[in-house]
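Taken in order, these protein sequences are the chains called A and B.
If you use numbering that gives the first Met the number 0, the first sequence corresponds to residues 0 to 242, in order.
If you use numbering that gives the first Met the number 0, the second sequence corresponds to residues 0 to 242, in order.
Note that these hints are calculated values from the structure, not bench results.
Check the hints yourself; a few may be wrong.
Each pair may be met inside one copy or between any two copies, as identical chains are not told apart.
With a straight-line cut-off of 20 Å between C-alpha atoms, the simulated SDA-like cross-links for lysine to any residue are [to be verified]:
no. : residue 1 : residue 2
1   : K182      : L105
2   : K11       : L186
3   : K107      : D92
4   : K129      : E25
5   : K45       : L95
6   : K15       : I126
7   : K115      : R176
8   : K85       : S150
9   : K203      : N215
10  : K15       : L72
11  : K191      : T40
12  : K85       : R104
13  : K107      : V52
14  : K85       : K107
15  : K85       : S154
16  : K11       : S42
17  : K15       : T40
18  : K15       : M75
19  : K191      : M75
20  : K85       : M158
21  : K119      : T146
22  : K191      : Y50
23  : K62       : N162
24  : K85       : T157
25  : K62       : A16
26  : K182      : S37
27  : K11       : S65
28  : K164      : S65
29  : K15       : S150
Just so it is clear, the structure is predicted and the values come from calculations on it, not from any experiment.
There are 2 protein chains.
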Amino acid sequence: MNDSMEFLYPEKWLSKASTGERVACELRMRIISGLIESGTTLSENKLAAEYNVSRSPIREALKVLSNENLIRLERMGAVVVGLTEKEIEEIYDVRLLIETFVFERLVKNDTAHVVKELTKIFEMMQIAIKYKDADEFALQDVLFHETIIRSINHSYITMIWNNTKPVMESFILLSMRMHFNEKYDDLSRIMKNHELYIDAISSKNREIMIQSLHQNFDDVQGKVDDLWMSQQMLSKAWEQEKE
Amino acid sequence: MNDSMEFLYPEKWLSKASTGERVACELRMRIISGLIESGTTLSENKLAAEYNVSRSPIREALKVLSNENLIRLERMGAVVVGLTEKEIEEIYDVRLLIETFVFERLVKNDTAHVVKELTKIFEMMQIAIKYKDADEFALQDVLFHETIIRSINHSYITMIWNNTKPVMESFILLSMRMHFNEKYDDLSRIMKNHELYIDAISSKNREIMIQSLHQNFDDVQGKVDDLWMSQQMLSKAWEQEKE
DNA sequence: ACGAGTATACTTGTATACAAGTAGTATTAT
DNA sequence: ATAATACTACTTGTATACAAGTATACTCGT
Chain A
0 MNDSMEFLYP EKWLSKASTG ERVACELRMR IISGLIESGT TLSENKLAAE
50 YNVSRSPIRE ALKVLSNENL IRLERMGAVV VGLTEKEIEE IYDVRLLIET
100 FVFERLVKND TAHVVKELTK IFEMMQIAIK YKDADEFALQ DVLFHETIIR
150 SINHSYITMI WNNTKPVMES FILLSMRMHF NEKYDDLSRI MKNHELYIDA
200 ISSKNREIMI QSLHQNFDDV QGKVDDLWMS QQMLSKAWEQ EKE
Chain B
0 MNDSMEFLYP EKWLSKASTG ERVACELRMR IISGLIESGT TLSENKLAAE
50 YNVSRSPIRE ALKVLSNENL IRLERMGAVV VGLTEKEIEE IYDVRLLIET
100 FVFERLVKND TAHVVKELTK IFEMMQIAIK YKDADEFALQ DVLFHETIIR
150 SINHSYITMI WNNTKPVMES FILLSMRMHF NEKYDDLSRI MKNHELYIDA
200 ISSKNREIMI QSLHQNFDDV QGKVDDLWMS QQMLSKAWEQ EKE
């Protein structure tokens, strides 16, 4: 593989990850960012050569990506499905679905502990903005929703989250990197919406929750545009690098 | 492994399955049926020896079961989580959640094709009852719901289904085997409920859909009892066989 | 008797080897 | 020229080998 190759996924998030997980994270980023185009056929041998590892971790990674609907494992090779606008809307469908469910469960119990945790994450996000750390911001953003979802200890809801989280994370990561330094309006809107989430859970107010969920949902279109632009730019950068 | 060992999962459903898938299906059945108790630690080497295969397909199977929340992959060994009453309720939560979502999507389009397919499956179920074929009945029952869910072509909803289906299938399979020849009342109730599903989709009537979903949900408690009894009986049979 | 350290028998993660099957191409026979 | 066949270069699935790390038990020193 080209020595000048850079990894898209933050290496510091992979401290205790196995080779298979690393490959999965990197491939995921490359697929979602568009560096690996939809329709491409990936072969285990080629990937193994490319990443200088054996087929074992590659196989593991492909299984993971297949579970996340990013590739289709076929008889000869793995076909990249990728993320179109449709898939992104669908993944947000699922998040809306499970977060609504979670909220209904959540308000039946004491929410003080969750609210405290969410507030902490909220403040972390503010720090990330202050230091213009897009990756950290994305991480905390995902963690925010994960905290809400895991708080009800529902094994199958958690399972759904575990399967959608990686795609979500990569998507948000790319989107944030793209516009973190430009769109301050976006950031303040995101922060306000997260505040709304906390309020909704704190006050157990269904109206506010629906409002914040929809707000989040409305943001998707913007994020899709971000992704598209991100894909364009990365492709260009890639082409230039190859020359 | 004991030569008298019998496989719980129908072999005819595994015609084109790889060794890994076979092992996954069999282990899943043994975990859900209670033959492998919760808390047990499974080792790749022992399983490989037990099933006379190498570690590769065993690893694959364990990854699958881990995704289904049936085991927890830890540093040393895979700890069996199993299916308690809580997990079963939770898996039905998810089915209720996604089938509700699917229904809302479904009624926006023409449902004639789906209704036709469902009617076919319904008639297959009747034949299965006629010939007292519990396994076939379970297969068609699962297929019924799969047909509904896949009909909207929503990749992430399909993903959720793919992750819950195997557990669902095993659970229903065991439940049906247990009581297929006794509880005709149950069967007719199940059939009536499936008829209700078809009606709801055909007439696009939300009221009926909610009714059938809840009916289905109310059945769960009975099924949990079935599972518990099934686990007891299988354990006893196993103990006797060992002597 | 009891605690520290070591030996051992396990565990997983990764690399490699082999077998079976498939697509596509080249070659050969008609 | 064309169709059929054989060959080549791939593919995945499974088995095996090796490395690194961990828990248990045992031995040795006090």
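* Homomeric proximity label, K107 with D92: Cα distance no greater than 20 Å -> Close across copies (16 Å), not inside one copy (24 Å); limit 20 Å.
* Asked: Given identical chains, is K11 near L186, meaning Cα to Cα at most 20 Å, within a copy, between copies, both, or neither?
  -> neither (24 Å within a copy, 55 Å between copies)
* To do: Go through the copies and call it for K85 and S154: within, between, both or neither, with a Cα cutoff of 20 Å.
  => For K85 and S154, the Cα distance is within 20 Å only across copies (9 Å; inside one copy 27 Å).
* Asked: How do K119 and T146 come out at 20 Å by Cα distance, when the copy is not named: within, between, both, or neither?
  -> Classified as within; 11 Å inside a copy, 44 Å across copies.
* To do: First find the shortest C-alpha distance between K129 and E25 inside one copy, then the shortest across copies, and answer within, between, both or neither for a cut-off of 20 Å.
  => Classified as neither: same-chain Cα gap 27 Å, cross-chain 53 Å, threshold 20 Å.
* Asked: Checking K15 and L72: alpha-carbon separation at most 20 Å within a copy, between copies, both or neither?
  -> between (27 Å within a copy, 15 Å between copies)
* To do: Please work out whether the CA atoms of K85 and T157 approach to 20 Å or closer within one copy, between two copies, in both situations, or in neither?
  => Between. Shortest inter-copy distance 14 Å satisfies the 20 Å Cα cut-off; intra-copy 23 Å does not.
* **Intra- versus inter-subunit Cα pairing at 20 Å for K191 with T40** => neither (42 Å within a copy, 46 Å between copies)
* Asked: How do K62 and A16 come out at 20 Å by Cα distance, when the copy is not named: within, between, both, or neither?
  -> Answer is both: 16 Å inside a copy and 16 Å across each meet the 20 Å cutoff.
* Go through the copies and call it for K85 and S150: within, between, both or neither, with a Cα cutoff of 20 Å. => Between copies only: 16 Å across chains, 29 Å inside a chain, cut-off 20 Å.
* To do: State whether the alpha carbon distance between K15 and M75 is at most 20 Å within one copy, between copies, both, or neither.
  => Intra 32 Å, inter 16 Å, cutoff 20 Å: inter-copy only.
* Within, between, both or neither: K15, T40 at alpha-carbon 20 Å -> neither (30 Å within a copy, 23 Å between copies)
Checked against the numbered hints given earlier, this structure breaks hints 1, 2, 4, 5, 6, 7, 11, 13, 16, 17, 19, 22, 26, 27 and 29; the rest are met.
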